[in-house]
Structure formats: structure tokens, C-alpha cells
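One line per chain: the protein sequences are A and B, in this order.
Residues in the first sequence are numbered consecutively from 1, following our numbering.
Residues in the second sequence are numbered consecutively from 1, following our numbering.
Derived from the structure by calculation, the hints contain no laboratory data.
These numbers come from a predicted model, not from an experiment.
Wrong hints could be hidden among the right ones.
If you want the footprint, here are the derived chain A segments under chain B, 3+ residues with CB under 8 Å [said to hold, decoys possible]: (1) 61-72; (2) 199-213.
In silico DSBU-like links for lysine-lysine, alpha-carbon gap of 30 Å or less [to be verified]: (3) A:Lys-29 x A:Lys-58; (4) B:Lys-228 x B:Lys-7; (5) B:Lys-223 x B:Lys-45; (6) A:Lys-229 x A:Lys-7; (7) A:Lys-193 x A:Lys-141; (8) B:Lys-289 x B:Lys-185; (9) A:Lys-58 x B:Lys-274; (10) A:Lys-193 x A:Lys-244; (11) A:Lys-58 x B:Lys-289; (12) A:Lys-58 x B:Lys-223; (13) B:Lys-223 x B:Lys-182; (14) B:Lys-186 x B:Lys-228; (15) B:Lys-289 x A:Lys-197; (16) B:Lys-228 x A:Lys-197; (17) A:Lys-29 x A:Lys-242; (18) A:Lys-197 x A:Lys-229; (19) A:Lys-192 x A:Lys-9; (20) B:Lys-7 x A:Lys-244; (21) B:Lys-289 x B:Lys-192; (22) A:Lys-9 x A:Lys-29; (23) A:Lys-9 x B:Lys-192.
From the three backbone atoms N, C-alpha and C, an ideal C-beta is built for every residue, glycine too.
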Amino acid sequence: MAVVYEKTKGLTDVELHYCPGCNHGIIQKLVAEVLEEMGMLDTAIAVCPVGCSVFAYKYFSVDTLQAAHGRAPAVATGIKRCRPTQPVFTYQGDGDLASIGTGEIVHAAMRGEKFTTIFINNAIYGMTGGQMAPTTLIGQKTTTSQGGRTAEQAGMPIRMAEMLATLDGCVYAERVCVADIPNINKAKRAIKKAFEKQMNNEGFTFIEVLSTCPTNWGMTPIQAVQWMKDNMIPYYPLGVIKEKAMEV
Amino acid sequence: MEKELWKGNEAIAEAALRAGCDCYFGYPITPQSEVPEYMSAHMPKYGKVFVQAESELAAINMVYGAGGAGLRAMTSSSSPGISLQQEGITYLAGAEVPCVIVNCMRGGPGLGTIQPGQSDYYQCTRGGGNGDYRTLVLAPSNIQETVDCIQEAFDIADQYRNPVMVVMDGLIGQMMEPIEWKPYKKRELAPKDWAATGRYGREEHNIINSLYIDPELCDVHNKHLAEKYALIEKNEVRWECIDCDDAEVIITAYGTPARIALTALENLRAQGIKVGLFRPITLWPFPEKALHDLVGNDNVKVILDVELSSTGQMIDDIRLAVEGRKPIRYLGHAGGVMPTVEEICETAINALKEVK
Ligand SMILES: Cc1ncc(C[n+]2csc(CCOP(=O)(O)OP(=O)(O)O)c2C)c(N)n1
Ligand code: SF4
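Produce the complete structure using the sequences and hints provided.
Below you can see the structure in the form of C-alpha cells.
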């Protein structure tokens with residue numbers, strides 16, 4: 001019998017702990033598949049954050065460092081500068097990257113650090129039980145914005161991909177989602193392209209993935225995907241935000 | 001070997017280079033900025049890594065990344081910057097990532113002063129971050145000793161998979177002294193087979209991590225750390241005793257105050273007053289037993305602790321070692337004000353009069 005699909009060797013056999021309908025698992029699978037397809041499982045080094053994906057160090061089959069909350073880009077800088085020929089990536093949530101770790105991500109991008117960041121924007125703090133994130137939408141109810149986020153109180157949600165794209169060191173920024181098969185395929189292509197550019201030494205590469213958190217959004221998995229499409233995509237448009245041509 | 005005149009901070013940087021430091025990450029702060037300056041000029045020449053980080057917070061996390069990936073990593077800062085690094089240090093300790101951290105101490109609290117200080121003693125020896133952890137703390141008192149300590153610090157860090165701090169008051173960083181580049185005795189070190197280097201054919205993937213969500217496993221991990229700390233206490237404790245055998249007054253001091261105290265000791269001895277100097281070289285592990293035994297001598301009447309701190313911080317460790325058996329007096333200044341030889345002599349004489 002012909003094998004049509006196999007689980008990627010980029011993931012271990014440890015059972016994922018994510019809630020039903022959570023996108024973390026899909027996104028990690030895509031990253032792992034890309035690493036395998038590019039023949040990088042032996043050389044890649046991952047940096048995992050504090051957040052729901054904190055246990056990603058058990059799931060990725062590559063060498064991994066678990067970083068303090070928000071500090072993954074600094075940790076990745078330390079690794080990549082010392083091991084410049086090896087693929088390095090951070091995998092970070094929106095509390096991690098867009099709140100406590102803004103300093104680290106901005107400066108890593110400014111320096112044009114040659115690693116890839118996979119940024120999971122689920123508009124909420126997942127792990128700590130659904131508090132407001134900098135990416136929480138206006139009107140969105142969370143445990144710390146119980147009447148819905150207001151601009152007066154918390155400002156407007158931050159668009160990290162657009163913001164980082166303004167920095168010269170950032171050579172590639174794309175926003176994707178994994179809501180359906182076509183989008184999953186697009187997301188994988190984007191992740192692959194980011195790693196290719198990294199291995200080409202072009203600069204900092206950033207993939208923002210819009211993601212679901214049915215548990216803390218208080219929705220079923222199907223409702224969550226629909227809510228993401230209806231509410232997040234209009235504010236966080238999908239597509240390539242920046243692609244700097246390779247200098248020759 | 002010939003003596004060369006070196007500025008403390010530059011000697012620290014050069015010593016690190018000679019000790020095989022692969023990468024340095026730092027942020028400017030007085031009185032240690034000559035360390036990153038020297039590193040920025042010299043690391044690239046040897047194909048080594050220098051990054052000026054956006055903050056001390058980022059610098060210590062770069063150290064975590066590089067150290068976790070198996071490299072010899074270092075950062076340096078001064079007190080406010082070291083405060084900011086406490087988060088990283090507890091992660092380094094928890095994940096058992098070796099590294100060297102230099103603290104060229106200035107006065108606090110807050111922004112304090114850029115003048116020399118020793119009021120980071122608690123922060124260095126008690127684990128300024130969260131959790132039960134220790135960093136080995138070396139406290140040299142001149143540039144020669146600093147250079148020797150730095151070279152050894154990398155080996156100690158690798159041997160125990162633990163952060164090692166080298167702390168000096170800012171004076172040692174800023175002054176110049178003749179030193180000798182002695183060949184240091186390298187320790188025998190195990191290969192870093194635990195590091196996240198990339199698998200390169202290895203079956204299992206290596207993980208650098210301090211998270212143990214299962215209570216039992218976290219308990220086991222902490223027990224393992226405690227055993228390691230006990231081993232460090234057994235093997236690495238260092239101190240110096242000068243003229244202690246017949247001393248009636250024991251002066252305790254480290255770093256620059258120990259040098260001032262030494263001159264005071266010579267003056268007092270010339271007057272026939274029996275004074276000794278007990279100088280811890282490792283602040284953690286503190287030479288508790290050595291001091292405990294010394295203070296047990298019948299001839300010891302009083303202990304005088306001298307620090308660059310208004311309240312005294314090392315004095316707590318001295319109290320633990322003395323166990324109330326002898327009176328302890330304190331002399332200290334903050335803000336970069338140095339205790340003078342005369343002051344120490346006078347305080348020692350008065351202390352002796354009071355207790356006799
Ligand atoms: C210094 C520090 N502050 C706070 C926390 C608690 N904390 C753990 S995860 C988290 C938020 C994670 O949210 P996000 O980054 O959006 O990831 P998600 O869980 O949604 O995947 C917080 C605040 C921590 N671990 N460390
Ligand atoms: S809490 Fe949200 S982000 Fe975390 S695993 Fe569950 S669904 Fe995913």
C-alpha cells in the first residue's frame with residue numbers, strides 16, 4: 001500500500017496537551033514539517049516561550065531551549081550569533097511577544113538577527129486563563145476586560161507584523177492563519193519561505209499566525225474558527241506585509 | 001613573567017578572552033563600561049561574538065541562549081544592571097546553564113551612585129531572583145586576583161553547570177595595577193553533551209529548561225540542585241587569613257575594604273595591638289566553618305566587620321558563623337565613601353577597649 005501521509009519526524013510521539021480546536025498543534029506541525037522537508041532536524045535549534053506552547057520543547061524533536069516570558073528573541077540571538085550556520089527559531093504567543101517581550105523582539109528585528117519568529121496571535125492570554133492581550137480586539141471580552149476592551153482604557157490592538165516590517169533588519173513579514181486547508185497550505189509556504197530566507201542569511205523573518213483559543217474565547221472549536229475569520233482577519237489582514245528583495 | 005600595567009575592567013575582558021570566552025553580551029553602565037568597550041574591539045579579531053544588547057535583561061538572555069547552546073558565554077554589568085538580570089540568572093541556575101557574570105558594584109539603592117559599593121552582597125549570595133538557587137560568587141580584592149578569578153570562573157561554571165559571578169567594587173574596575181598573565185591550571189571538564197547544539201545524529205533531542213510542572217519532579221530537581229550546591233560548598237570555598245593566630249581583634253572584609261584593613265592591621269600591629277584579617281574570597285559559599293573555628297579561639301575578643309554598605313550585608317553571614325559567641329562591631333560607608341585606615345584603627349581599638 002502506498003503511504004500517502006505520515007506524521008513528520010519533526011515532532012516527537014508525546015501527546016499534545018492543547019485544548020480541542022486550538023491552533024497551536026497545527027502550527028507546530030507545520031513548523032516541524034518544514035524543518036523535516038528542508039533537512040534541518042539535525043541542525044535546528046528551537047526557542048520556546050512561556051505560554052500555552054511552553055511544552056513545545058517536548059513536541060519538537062529538535063534541540064530546544066525554554067526561554068523566560070518574552071525573552072525568546074534575546075535567547076535566539078545568543079544562539080544564532082554563536083551558531084550562525086544553523087537554523088534557529090522562536091515560537092511565541094502574543095502575551096509573550098507583543099507585551100512583556102516587545103523590547104526583545106523589536107531589537108532582534110532591528111539588528112536583523114538571522115532567525116525566524118513564529119508569532120501566535122490568538123488575541124488573548126491563553127495559559128493564564130483568558131486575560132486581555134495587547135492584541136485583544138476592541139469590544140472583545142476577557143477576564144480583565146469584562147465589558148469588552150475599550151481604546152480609552154487599553155489603547156488599540158497592536159499589529160506586530162506591520163510594526164516590525166518598518167525595521168530595515170526585518171526582511172520578511174507575513175500574516176497567515178490556519179483556519180482551513182487553503183490557509184494551512186499558505187501558512188506552510190510562508191513558514192518555509194521564512195526559513196529559506198534565514199538560511200540565505202537575508203535577515204530577520206517573521207510569520208504571524210492568527211490562531212484560536214476556543215477555551216478562553218468561550219466558544220466551540222467551529223465557532224472559534226468563524227469568530228477568527230469574522231473578527232480578527234478584518235483587523236489583522238492576511239498576506240505578505242514585507243518582502244525585501246535580496247541584495248545582489 | 002613580566003608585569004604589565006592594566007586597568008581593572010580591561011584586564012577582566014582580556015582575562016575572559018584568554019579563558020576561551022566565546023561570546024560576550026553587555027550593556028553600558030558605569031563603572032564597568034570598559035568591559036564591553038574592550039570586548040567590542042577585541043572579540044571580533046578572534047572570530048568571537050560581541051553583541052551590545054538593548055538592555056541587561058536581553059544581555060543575560062543572550063548569555064542563556066549561547067551558554068545553553070554549549071558556548072562559553074559572559075556578561076558584565078554594575079548593580080542596577082545586575083538587578084535587571086536577576087530573572088535571567090534564576091533561569092540560568094534552574095536550567096543549569098554555565099556562564100560568567102561580572103558585577104562591578106556601585107552604590108545603591110535605586111540609581112544610587114556610580115562610586116564603588118558592596119551593597120549587592122545579598123543579591124549575589126542569596127539568589128536575587130526567585131526560587132532556591134545559588135550562584136558561586138568570587139570576590140577578588142586586586143586586579144591580579146580578579147584576572148585569575150575570571151580565568152578560573154569559566155572552568156568552575158562548566159564543571160558545575162552553574163552561573164559564576166565575579167564581584168568587585170567599582171574601584172577595582174577603575175584603577176590600574178601591575179599584573180602578570182600567569183598560565184592558569186585548567187580543570188578537567190566533561191564534554192557538554194547536555195547542550196542544545198543541534199542533534200547532529202543524536203537520538204534524543206536536548207532540552208534546556210527550568211520548568212518542572214509535576215510537583216514530584218520539581219522536588220527532585222530542587223534536591224538535585226541542593227546536592228550540587230552542597231558539593232560546591234565542600235569543594236570551592238575560599239578565604240584568606242592574615243595574622244589571625246594570636247589576634248584579639250578579627251577584621252572581616254572583602255574587596256577593596258580588605259586592602260584598607262590590611263594597612264590598618266599593619267599600623268595596629270606596629271602599636272602592639274593584636275589584629276588579624278579574615279577575608280572571604282568566595283562570598284557564596286561563605287567560609288563559614290573557617291570563621292566559626294577561628295572565632296572559637298580564646299584569644300579572639302571581638303570581630304570588626306568593614307564593608308562598603310551602610311547597614312552591612314556580609315555581617316549576616318558573619319553572625320551565622322560567630323553564633324553569638326563573640327561581640328561583633330561594624331564599620332561601613334555607602335555612596336562610594338571609603339573607610340579610612342585611621343577610622344578602622346580607631347574603631348578596632350575602641351572595640352577592644354569595650355570588650356576587655
Ligand atoms: C515574568 C512572568 N510574568 C507572568 C507570567 C505568567 N504567564 C504565563 S503564560 C502568560 C501569558 C501567555 O499568553 P500568550 O503569550 O498570549 O500565549 P498563549 O498562552 O495564549 O499561547 C503569562 C502572563 C510568567 N510566567 N512570567
Ligand atoms: S487555552 Fe487557548 S491557547 Fe491555550 S491550549 Fe487551550 S485553546 Fe489553545
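Which numbered hints fail = Hints 2, 4, 5, 7, 9, 11, 13, 15, 16, 20 and 21 contradicted; others consistent.
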